[in-house]
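Okay, here's what each chain looks like letter by letter:
There are 2 protein chains.
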Amino acid sequence: MSQTALETLIDALHRLPGVGVKSAQRMAFHLLQHDRQAAAELARALDGALAAVRHCARCYTFTEGEICPVCSDDARDARLLCVVETPADQAALERTGSYHGLYYVLMGRMSPLDGVALSDLGSQGLVQRALDGVVEEVILATSFTAEGEATAHVLAQGLKSRGLKVTRLARGVPAGSELEYVDLSTIAHALNDRR
Amino acid sequence: MSQTALETLIDALHRLPGVGVKSAQRMAFHLLQHDRQAAAELARALDGALAAVRHCARCYTFTEGEICPVCSDDARDARLLCVVETPADQAALERTGSYHGLYYVLMGRMSPLDGVALSDLGSQGLVQRALDGVVEEVILATSFTAEGEATAHVLAQGLKSRGLKVTRLARGVPAGSELEYVDLSTIAHALNDRR
Ligand SMILES: [Zn+2]
Ligand SMILES: [Zn+2]
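Protein chains in written order, with UniProt numbering: chain A, 1 to 195; chain B, 1 to 195.
These aren't lab readings, by the way, just hints derived from the structure by calculation. Careful: at least some of the hints might be erroneous.
[Claimed, not checked] Across the chosen pairs, the derived CB separations fall in these ranges:
#1 A:A146 with B:D183: 56 to 66 Å
#2 A:P17 with B:R79: 28 to 38 Å
#3 B:R36 with A:V154: 24 to 34 Å
#4 B:Q157 with A:A91: 15 to 25 Å
[Claimed, not checked] SDA-like mimics (lysine to any residue), calculated; alpha carbons at most 25 Å apart, straight line:
#5 B:K165 with A:A38
#6 A:K22 with B:E94
#7 B:K160 with B:H34
#8 A:K22 with B:A40
#9 B:K165 with B:V135
#10 B:K160 with B:G101
#11 A:K22 with B:K22
#12 B:K22 with A:K160
#13 A:K22 with B:K165
#14 A:K22 with B:V19
#15 A:K22 with B:H34
#16 B:K165 with B:A57
#17 A:K165 with A:G133
#18 A:K22 with A:H34
#19 B:K165 with A:H14
#20 A:K22 with B:G97
#21 A:K22 with B:L191
#22 A:K22 with A:A52
#23 A:K165 with A:G97
#24 A:K160 with A:S185
#25 A:K22 with B:T145
#26 B:K22 with A:A52
#27 A:K165 with A:R76
#28 A:K165 with A:S98
#29 B:K22 with A:Q3
#30 A:K22 with B:M107
#31 A:K22 with B:K160
#32 B:K22 with A:K165
#33 B:K22 with A:H55
#34 B:K160 with B:A146
#35 A:K22 with B:A51
#36 B:K22 with A:T96
#37 A:K160 with B:A51
#38 A:K160 with A:A52
#39 A:K22 with B:E137
#40 A:K22 with B:V135
Cβ coordinates follow ideal geometry from the N, Cα and C atoms, glycine included.
Taking the hints into account, I'd like the entire structure generated from these sequences.
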């Protein structure tokens, strides 16, 4: 028996990260029974994002233009380049109001156990970006997890070997935590104490 | 500033039941960064289900034809009509292999606190369906929760007043539990002991 449209939808929802079969079933029933408009809007939003969203040519974050608004902002200090794992981590740093430099977004972190090598991340572009002749310091703000530390370690080696000054957020950030969940004052403090 | 395609996508994912803002963000990043194919397939699956899935004219469950495969099955005992809350509950009963009658799927249950009245469910069609002249017994298999019991109570009154024999799954089903999570032998037992 071939798959029904309902089964196809449940399978597609099940492929979302963190969504089990039961949740996918509930989502599908909910959308079809109670919120068909939300289902239609989600389909349009997916198509819209797939068509519009690409990577910033300078910092690799998601953007809809060639260069993202942060990289396009002349008021920012182009001598500082802060390397983060995700747009959510960047947003957390922005909310502190303590950082006025530019960013580079890796879009992930090294995870050898999951088969994610550094070369799978946006790190290829980082060295080139950091060597633009304007950047004086690269601040590594990857997570203070084993994987984030390993990522920072490897990046630091590559950047230092090319003569760049490399710092790391201070250990004010509690170990084992993901940056986006850390309170803002802690992040601000760690930023000032970078080593 | 108008909303970006990425923000629109995060909002649309956030409208899925059980998905918070952080989860929606992670889903959007994951889809755009690592699984654009899944995003495209989900959009197609949503459109496909919206176009194809409707309610069975006899039992109100989701189906793609006028009448669902179960209702179309001549081998089933049309004298028995089992009322369940959801297609998942129906699937649980089917897996017991102990029931060979037909179904009526309410697509929800009464939930006064959430503003869901009996009239919001597929219950309007139930009385008409049960009075087809063939049905001899209506088995109420709504959940053994307060809301499921209340739903069963109201349905029983309406059906009995029209001269139908109404039974309820036996109390073998643990109180407070949702049918779809109950082990199959318990459901089978409760089916035999219906009162
Ligand atoms: Zn940028
Ligand atoms: Zn049917």
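Status of the hints after comparison with the structure:
Between A146 of chain A and D183 of chain B the beta carbons are some 40 Å apart, a value that contradicts the proposed interval 56 to 66 Å. For P17 of chain A and R79 of chain B, the Cβ-Cβ distance of about 47 Å falls outside the hinted range of 28 to 38 Å, so the restraint is violated. Between R36 of chain B and V154 of chain A the CB atoms are about 27 Å apart, so this pair conforms to the stated range of 24 to 34 Å. The hinted window of 15 to 25 Å between Q157 of chain B and A91 of chain A is violated, with their beta carbons roughly 55 Å apart.
The straight-line distance between the Cα atoms of K165 of chain B and A38 of chain A is roughly 40 Å, outside the 25 Å bound, and the hint therefore fails. Taking the CA atoms of K22 of chain A and E94 of chain B, the gap is about 17 Å. The hint holds against a cut of 25 Å. Between the alpha carbons of K160 of chain B and H34 of chain B the distance comes to roughly 56 Å, so the proposed pair goes past 25 Å and is violated. Taken as a hint, the K22 of chain A and A40 of chain B pair is honoured in the structure, with Cα atoms around 22 Å apart against an allowance of 25 Å.
The straight-line distance between the Cα atoms of K165 of chain B and V135 of chain B is roughly 9 Å, inside the 25 Å bound, and the hint therefore holds. For the hint pairing K160 of chain B with G101 of chain B, the CA-to-CA distance comes to about 19 Å; that is within 25 Å, so the pair holds. About 20 Å separates the Cα atoms of K22 of chain A and K22 of chain B, which keeps this hinted pair within 25 Å; it holds. Between K22 of chain B and K160 of chain A the alpha-carbon distance is near 35 Å, which puts this suggested pair outside the 25 Å criterion.
In summary, the hint linking K22 of chain A to K165 of chain B is not supported, as the alpha carbons are separated by about 34 Å, beyond the 25 Å threshold. At most 25 Å may separate the alpha-carbon atoms for a hinted pair to count; K22 of chain A and V19 of chain B meet this at roughly 14 Å. With a C-alpha separation of about 23 Å, the suggested pairing of K22 of chain A with H34 of chain B holds against the 25 Å cut-off. Distance restraint check for K165 of chain B and A57 of chain B: the Cα-Cα separation of roughly 23 Å lies within the 25 Å cut-off, and the hinted pair is therefore satisfied.
About 12 Å separates the Cα atoms of K165 of chain A and G133 of chain A, which keeps this hinted pair within 25 Å; it holds. For the hint pairing K22 of chain A with H34 of chain A, the CA-to-CA distance comes to about 17 Å; that is within 25 Å, so the pair holds. Taking the CA atoms of K165 of chain B and H14 of chain A, the gap is near 41 Å; set against the 25 Å cutoff, the hint is violated. The suggested pairing of K22 of chain A with G97 of chain B holds, with an alpha-carbon distance near 21 Å, which does not exceed 25 Å.
Proximity of K22 of chain A to L191 of chain B is assessed by CA-CA distance (about 24 Å); at most 25 Å being required, the pair is judged to hold. Between K22 of chain A and A52 of chain A the alpha-carbon distance is near 32 Å, which puts this suggested pair outside the 25 Å criterion. Restraint check for K165 of chain A and G97 of chain A: the C-alpha separation of about 23 Å stays at or below 25 Å, so the hint holds. Distance hint between K160 of chain A and S185 of chain A is unfulfilled; the C-alpha atoms sit about 29 Å from each other, more than 25 Å.
A C-alpha spacing of about 19 Å is found between K22 of chain A and T145 of chain B, which places the hinted pair at or below 25 Å, so the restraint holds. Between K22 of chain B and A52 of chain A the CA atoms are separated by roughly 22 Å; this keeps the pair inside 25 Å, and the hint holds. Under the criterion of a C-alpha separation no larger than 25 Å, the hint pairing K165 of chain A with R76 of chain A is consistent with the structure, at around 19 Å. Taken as a hint, the K165 of chain A and S98 of chain A pair is honoured in the structure, with Cα atoms around 20 Å apart against an allowance of 25 Å.
With a CA separation close to 32 Å, the supplied pair K22 of chain B and Q3 of chain A exceeds the 25 Å bound. In summary, the hint linking K22 of chain A to M107 of chain B is supported, as the alpha carbons are separated by about 16 Å, within the 25 Å threshold. Taking the CA atoms of K22 of chain A and K160 of chain B, the gap is near 35 Å; set against the 25 Å cutoff, the hint is violated. Using a Cα cut-off of 25 Å, the hinted pair K22 of chain B and K165 of chain A is violated, with the two alpha carbons roughly 34 Å apart.
Annotation: proposed proximity of K22 of chain B to H55 of chain A holds, straight-line Cα distance about 21 Å (limit 25 Å). At most 25 Å may separate the alpha-carbon atoms for a hinted pair to count; K160 of chain B and A146 of chain B meet this at roughly 21 Å. Proximity of K22 of chain A to A51 of chain B is assessed by CA-CA distance (about 23 Å); at most 25 Å being required, the pair is judged to hold. A hinted pair counts as satisfied when its Cα atoms are at most 25 Å apart, and K22 of chain B with T96 of chain A qualifies at roughly 18 Å.
Between the alpha carbons of K160 of chain A and A51 of chain B the distance comes to roughly 57 Å, so the proposed pair goes past 25 Å and is violated. A C-alpha spacing of about 36 Å is found between K160 of chain A and A52 of chain A, which places the hinted pair above 25 Å, so the restraint is violated. A C-alpha spacing of about 31 Å is found between K22 of chain A and E137 of chain B, which places the hinted pair above 25 Å, so the restraint is violated. Distance hint between K22 of chain A and V135 of chain B is unfulfilled; the C-alpha atoms sit about 32 Å from each other, more than 25 Å.
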